[in-house]
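Chemist: Starting from the known structure of chain A, fit chain B onto it as the hints suggest.
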Amino acid sequence: MNKNSVVSLVLLSSFLGACSFDSTDYFGTTVPKHKANEVWLNNRSEPQWIDPNKANGVPDGHIARNIFARLTQIHPITSQPVPDLAEKWEISEDGTKYTFYIRESKWSDGQTITAHDFERSWKRLLNPATASVYASLGLVVKDSSPFFNRAVHVKGFAENIDVDALIEVLKEGQEIRIDKASDHAGLYVYIEDNDQRRSFIETYNGALVNGQELEAAITDSSVVKAYALDDKRFYVELEDPVLYFLSLIEFSIFAPVPEQALVRAKNETGNEDNWTRPEYIICSAAHCLSEEKFRQYKIFIKNPYYWDAKNTRSDIIKIQMVEKETTSVNFYRSGEYEWIGPGELPTEYTDTLKQYKDYHNDPYLGIYTYIYNVEKEPFTDPNVRKALSLAVDRDKITTHVVTAGQQPASDVVPDGLTGYKSGERKMYDPEEARRLLSEAGYPNGQGFPKVEFKYNTQDTHRLIAEAVQQMWKTNLNIDVELTNVEWRVYLDDQINGNFDITRQGWIGDFPDPYTFLDLYMSYSGNNHTRWVNHKYDSLVQEANRTADYDVRNKIFSEAVDILMADAPVLPIYIYTRSYLKKPFLKGFYKDYQDHHSWKYMWIDDRWYNEIPTKEIDDTPKIGS
Amino acid sequence: MLKFILGRSFGMVITLFVIIFVSFFVIRFAKGSPFSQEREVPPEVLQDLQARYGFDKPMSTQFYNYMKNIVRGDLGLSTKYPQRTVNEIIAISLPKTMVLGFFALLWAVIVGVTAGVIGAVKQNTKWDYSAMSLAMVGISLPSFVLGPILILFFALYLLWFPAGGWGSAKHLVLPAITLGTIYAAYIARLTRGGMLEVIRANFIRTARAKGLKEKAVIWKHAFKGGILPVVTFLGPAVAHLMVGSVVVEKIFNTPGLGPYFVDAAFNRDYFLIMGIVIVYSAFLLVLNLLVDVIYGIIDPRIRYE
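The listed protein sequences correspond, in order, to chains A and B.
Per this note's numbering, the very first residue in the first sequence carries number 1; after that it's consecutive.
Per this note's numbering, the very first residue in the second sequence carries number 1001; after that it's consecutive.
Just so you know, these hints were derived from the structure itself, not from any lab.
We treat Cβ as the ideally placed atom computed from N, Cα and C, and that holds for glycine.
Take the hints with a grain of salt, since some may be wrong.
In silico DSS-like pairs for lysine-lysine, Cα to Cα no more than 30 Å straight-line [what the hints assert, rightly or not]:
| hint | chain 1 | residue 1 | chain 2 | residue 2 |
| --- | --- | --- | --- | --- |
| 1 | A | LYS426 | A | LYS473 |
| 2 | B | LYS1096 | A | LYS293 |
| 3 | B | LYS1031 | A | LYS376 |
| 4 | B | LYS1057 | A | LYS324 |
| 5 | A | LYS123 | B | LYS1057 |
| 6 | B | LYS1096 | A | LYS318 |
| 7 | A | LYS396 | A | LYS590 |
| 8 | B | LYS1096 | A | LYS35 |
| 9 | A | LYS318 | B | LYS1080 |
| 10 | B | LYS1170 | A | LYS581 |
| 11 | B | LYS1250 | A | LYS33 |
| 12 | B | LYS1068 | A | LYS324 |
| 13 | A | LYS357 | A | LYS106 |
| 14 | A | LYS318 | B | LYS1170 |
| 15 | A | LYS266 | B | LYS1080 |
| 16 | A | LYS376 | A | LYS535 |
| 17 | B | LYS1250 | A | LYS581 |
| 18 | A | LYS450 | A | LYS426 |
| 19 | B | LYS1250 | A | LYS35 |
| 20 | A | LYS123 | A | LYS232 |
| 21 | A | LYS357 | B | LYS1250 |
| 22 | B | LYS1210 | A | LYS35 |
| 23 | A | LYS142 | A | LYS97 |
| 24 | B | LYS1250 | A | LYS324 |
| 25 | B | LYS1080 | B | LYS1068 |
| 26 | B | LYS1170 | A | LYS293 |
| 27 | A | LYS293 | A | LYS586 |
| 28 | A | LYS318 | B | LYS1031 |
| 29 | A | LYS106 | A | LYS35 |
| 30 | A | LYS266 | B | LYS1068 |
| 31 | A | LYS171 | A | LYS535 |
| 32 | B | LYS1250 | A | LYS293 |
So the derived label-pair ranges between C-beta atoms look like this [as the list claims (entries may be wrong)]:
| hint | chain 1 | residue 1 | chain 2 | residue 2 | range |
| --- | --- | --- | --- | --- | --- |
| 33 | A | ASN267 | B | ASP1074 | 33 to 43 Å |
| 34 | A | GLU175 | B | LYS1031 | 25 to 35 Å |
| 35 | A | PRO583 | B | ALA1169 | 42 to 52 Å |
| 36 | B | ASP1074 | A | GLY505 | 32 to 42 Å |
| 37 | B | ILE1294 | A | ASP195 | 52 to 62 Å |
| 38 | B | SER1168 | A | GLU272 | 31 to 41 Å |
| 39 | B | ILE1110 | A | ASP395 | 55 to 65 Å |
| 40 | A | SER524 | B | VAL1022 | 36 to 46 Å |
Chain A with its partners taken away, still in its complex shape (with noise of 0.2 Å):
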């Protein structure tokens, strides 16, 4: 290096010190870009729908929540459902019976939101015609699941008849599915397949079978037990006492949909679903939308007719979309928005964000998972299964492979969930990990077939799959070998259970224990281990008929049990959030489900301007 050299890279590197601008306590400018009435966020991707039945995804969610309000809220400090579009309600006894008394609010175009508008979108929802992903959940509604399926509805027999018989005629003595409807109104028959399903009604549509002559059509959505009693009153039957009801129809999903601003839509565009574009869009929360670039930004303004618009504290939202991870880390250096978005920081950068004051770090409602395809050998076999996840150190994952504070886990439930008391289970073993595996014939690993660990092309899967394939070599002398797909072809692959050992992340839906269990029931279609326990799919739907939470929560613990001794599943880590966030950015809580609530957010523009305050009041109000 000569001379001239040297003395140009202490040039360089004084300027660069001379340059950094930013204080060392927060990373990147601590002033906003814009005027102290606005708030900018990210939203990270384009949403896909922002229309709240179809809303499908982060981005999604996290804009329709907060432009269409649902019946309740959740509070951002309890965590509790609190009445947002019902002002009150009423719970039967047997807790399968609700009533809504919606309160006095519009929609932005100035009309009255009224019962009719929530029977009217929980129907849409629940109409597979809308093909909204989510419907599945609104499933907990009594006889929604024949009109969801698009059953045929059997019906203008005599009630004093043998229904049994005429059910096994309908049969034909074939496996077909067939409900008595609750109210005695008929029977659901159940077929997939559309072109038998129209030669079925053909066939018994005004047909005489056993003396009755049958009607016959596909159920329609007027058995749906979810209606308008008046202008005033929403009524919702259940199958169940779902106890987190409330909690459930806080998702975007349920909210009620502008029927004109549909129609609207469609009669000038000719399609129903532009109806969410600016021109057309009719909201029912604290902002709507008004002004939009594709895949750039979209601008919100406070609703005035929002019920608790005076608690509304900024009239300007402005969302951008900046997709990758590393870009929007440059953004929010530079001011462009005060949160980072829902979603996850690069892996690589955690250690050193971690320095700053405007890095957080929140508990996710999530878990990271390993499952065994119990269909293919050699994890047929539960004690292969049961070596395998003994033989793996969370601890030492949670600590050198990803630092961001996720919890080890011992149960595929998060402790804490509504009471829920996560197991005490000895989770790494490597004596009894070796004994299993000899037991199940394979003693030190000798004979162990080649199998093979599918994830879904991503830095932290990899380091984590290194991981645990090194443990598995040597805690148990066996050569797992890994296999990264591309996103959709690893879906594709667990859909059809094209893979030996593969990753499975599951973020809960709503904040209940079932979300997590759900995953092993034999019939969902979201269990991928292929597990199959009668014992356990009983326990899970007894508990779900109970009324009270402690009951509940202990027959969930025992169907953990045999789920864990089981082990069709190995259960990592509990997921964390972690997320920048500009320190003038008030009225942003803390949320298990990364929610954050527009109409609290604030900035604090004291804080820039160095005024000095006392303590703030940062609390949420709701009403009054």
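Modeler: Quick look at chain B alone, frame taken from chain A:
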């Protein structure tokens, strides 16, 4: 000339059809579905989604319908952004990419040609060496390195330009430089090579012998001939720049067409992929033709009969 253009155009239509045919089936036979996600999609819902896009029909019918729609200028619906047609997505994104591409090209041509001419005229001097060393750096520096370096200096430390996004002339500077630099480097080397070849030619010696000023010799006589290899290079380069760069547009969060090349494929957004393929191929074919035509105009030795 007209006959040449017509003949080529006919060939282009055939080529485009073959491209569409092959891509359509390749993408459709790739594993994975546009509708699958971590949470199970209920079978009834899946049926309706498939029907909405016509994916429930036999493949040959789907191709026939697709071709029919293309002829009418309808590129179909996106599955990732189900409220938008592929036409709309391209109409929103392509102009932004083209603006960015234009400025990248401008940067590339101005810097590249200047450096190339200097290199050729002052051959084997320190001017030549520094211009060509810079060009070498430009060629070897991938945009995913250059982009973040520029962001770090000019956006995060100096705060001269935004770290990315879209909206004003300022937003264009960093991505255009990132995108254009590698082309500038190529153009510099091509210009220098082309010029050197021409400068040694007899007609230049004649021009000098006539007593023309050096400026006139270089710009009026040598430049026209020396620039030919650059023109050849510009055809595909323009096509490439006009449909955007996956890397640069991702790094700078430019809402252009570039990211779709990867994202649409990952999302199995069949019609969007096809739309992008068609746009890109059409650009490439048309620009190649244009280059051949310009060739005939610049170089008196080339004539199309």
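Chemist: Given the hint that B/LYS1250 pairs with A/LYS35, test it: the Cα-Cα distance must not exceed 30 Å.
Modeler: With Cα atoms ~29 Å apart, B/LYS1250 and A/LYS35 stay inside 30 Å; holds.
Chemist: Holds or violated: are the alpha carbons of B/LYS1250 and A/LYS293 at most 30 Å from each other?
Modeler: Holds, at about 17 Å.
Chemist: Hinted pair, alpha-carbon criterion (30 Å max): B/LYS1096, A/LYS35. Please report holds or violated.
Modeler: It holds: about 28 Å lies between the C-alpha atoms, which stays within 30 Å.
Chemist: Please work out if A/LYS293 and A/LYS586 have their alpha carbons no farther apart than 30 Å.
Modeler: At roughly 27 Å apart (the allowed maximum being 30 Å), A/LYS586 and A/LYS293 satisfy the hint.
Chemist: What's the verdict on A/LYS396 and A/LYS590, does the C-alpha distance respect the 30 Å limit or exceed it?
Modeler: 27 Å, holds
Chemist: For the pair supplied as a hint, A/LYS266 and B/LYS1068, confirm whether the alpha-carbon distance does not exceed 30 Å.
Modeler: Roughly 25 Å between the alpha carbons, so the hint for A/LYS266 and B/LYS1068 holds.
Chemist: Could you say whether the range 36 to 46 Å given as a hint is met by the Cβ separation of A/SER524 and B/VAL1022?
Modeler: 40 Å, holds
Chemist: Check the hint pairing B/LYS1068 with A/LYS324 against an upper bound of 30 Å on the C-alpha distance.
Modeler: 37 Å, violated
Chemist: Given the range 52 to 62 Å, decide if the beta-carbon distance of B/ILE1294 to A/ASP195 lies inside it.
Modeler: 59 Å, holds
Chemist: Does the alpha-carbon distance linking B/LYS1170 and A/LYS293 stay inside the 30 Å limit?
Modeler: 18 Å, holds
Chemist: In this structure, is the beta-carbon distance linking A/ASN267 and B/ASP1074 contained in 33 to 43 Å?
Modeler: Check failed, 22 Å falls outside 33 to 43 Å.
Chemist: Check the hint pairing B/LYS1057 with A/LYS324 against an upper bound of 30 Å on the C-alpha distance.
Modeler: Violated - the C-alpha atoms of A/LYS324 and B/LYS1057 are around 36 Å apart, more than 30 Å.
The structure fails hints 4, 12, 13, 22, 28, 33 and 35 (numbered hints given earlier, in ascending order).
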